[in-house]
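Residue numbers (the numbering used here), protein chains in the order written: chain A, 36 to 220; chain B, 36 to 220.
Simulated from the structure, these hints should not be mistaken for lab results. You may find that some hints are simply not true.
Here chain A is said to cover these stretches of chain B; the calculated rule only asks that three of the stretch's residues, wherever they fall, bring their Cβ under 8 Å from a Cβ of chain A [stated by the list, open to error]:
(1) 68–79
(2) 104–116
(3) 124–133
(4) 143–152
(5) 210–219
Okay, derived cross-link-like pairs now, DSS-like style, lysine-lysine, Cα gap no bigger than 30 Å in a straight line [as the list claims (entries may be wrong)]:
(6) A:85 - B:131
(7) B:85 - A:95
(8) B:95 - B:131
(9) A:131 - A:120
(10) B:131 - B:85
(11) A:120 - A:85
(12) A:95 - B:95
Even for Gly, the Cβ is constructed at its ideal location relative to N, Cα and C.
Residue strings, one per chain:
Number of protein chains: 2
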Amino acid sequence: MPSEAPPRPRGRPRAGINRLVFDATLDTVEEVGYAHATVDRIAARAGIAKTTIYRRWPTKGTLIVDCLIDAIGPAPFEGADRREKLASAIRWAADKLGEPGVGDAFAGVFSDGVSDPELRLVLSSRLQEPYRLAVQTALDQPEREALLFIDIVVGTLLHRMGMTGRPMVEEDVEALIELVTSYFH
Amino acid sequence: MPSEAPPRPRGRPRAGINRLVFDATLDTVEEVGYAHATVDRIAARAGIAKTTIYRRWPTKGTLIVDCLIDAIGPAPFEGADRREKLASAIRWAADKLGEPGVGDAFAGVFSDGVSDPELRLVLSSRLQEPYRLAVQTALDQPEREALLFIDIVVGTLLHRMGMTGRPMVEEDVEALIELVTSYFH
């Protein structure tokens, strides 16, 4: 036996597991919907043990939140002035929520949050907080305005998806941009 | 035995059953959250057989939609001009979604709709359509604008509830009114 062979790592590296689980999560949500996307099903799809998931994410809600943070990533605020920056962020949000499984996972975890205070805390502190800070900087307005901006943009996009099953079309995204940037100018 | 006693009615009148079931639905949703408010639990709370519910509402989604239509009722558009009418409807929507169980039931059925085309059809045709028509008349603008108005108002109010667990405070409702009425003037 060649002694120079490096020892086989025990288990997979953390990032590899996260990738597997996050991909399996969005695929499962897209296929069977949020309510039926149980940790059992997600684990089966990822090809790993359910306990591996529960070791990292104690609840389905925390898994979905981390999966969304991974899928959505940081918001861009690009452009020469505040209006352009806000417009680029709104277009980006519309695109992201339209990605397979993302809008569904978002609407689902969000609706669970209405009756789950712990999950709400995770949602607002882990998922929303970084965007709130970025919006506040881009708007150059107090926290209250930044939170209202997020409610309006994300709430409107999610409501449209819930009613039509499809992301908002570009023409309506532009109307939303016009409406929001006229107010937060 | 007195022969003049009227025959005992078989079963309860339809309206009586609906009332029982709708009240039990909102109470159950408020207590255990939308996801855990099963038809089993709702039937137990209403003190009726599960089959009685399924005879009228084939799915939990259709039950929740009828319950919401009953709880929310027609939208008022009161005031001297379009701005006042829209403002009164937005204030009313904020109050209604803040009633116990209503925001939670709404957010839940809505999130199920993202991955359930049949439920989406029920949601948009039975729940949203009457409001869409009323908004369209009040706005005196095409269908597209009326749908955007509903997405913005309802989406924003639900997003706030999902993040905070509480209805939007009056100060923010007034900001939302200002933003929406400036656009749809």
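Report task. May I ask which of the numbered hints given earlier this structure violates, with the numbers listed in increasing order? Result -> 2, 3, 6 and 11
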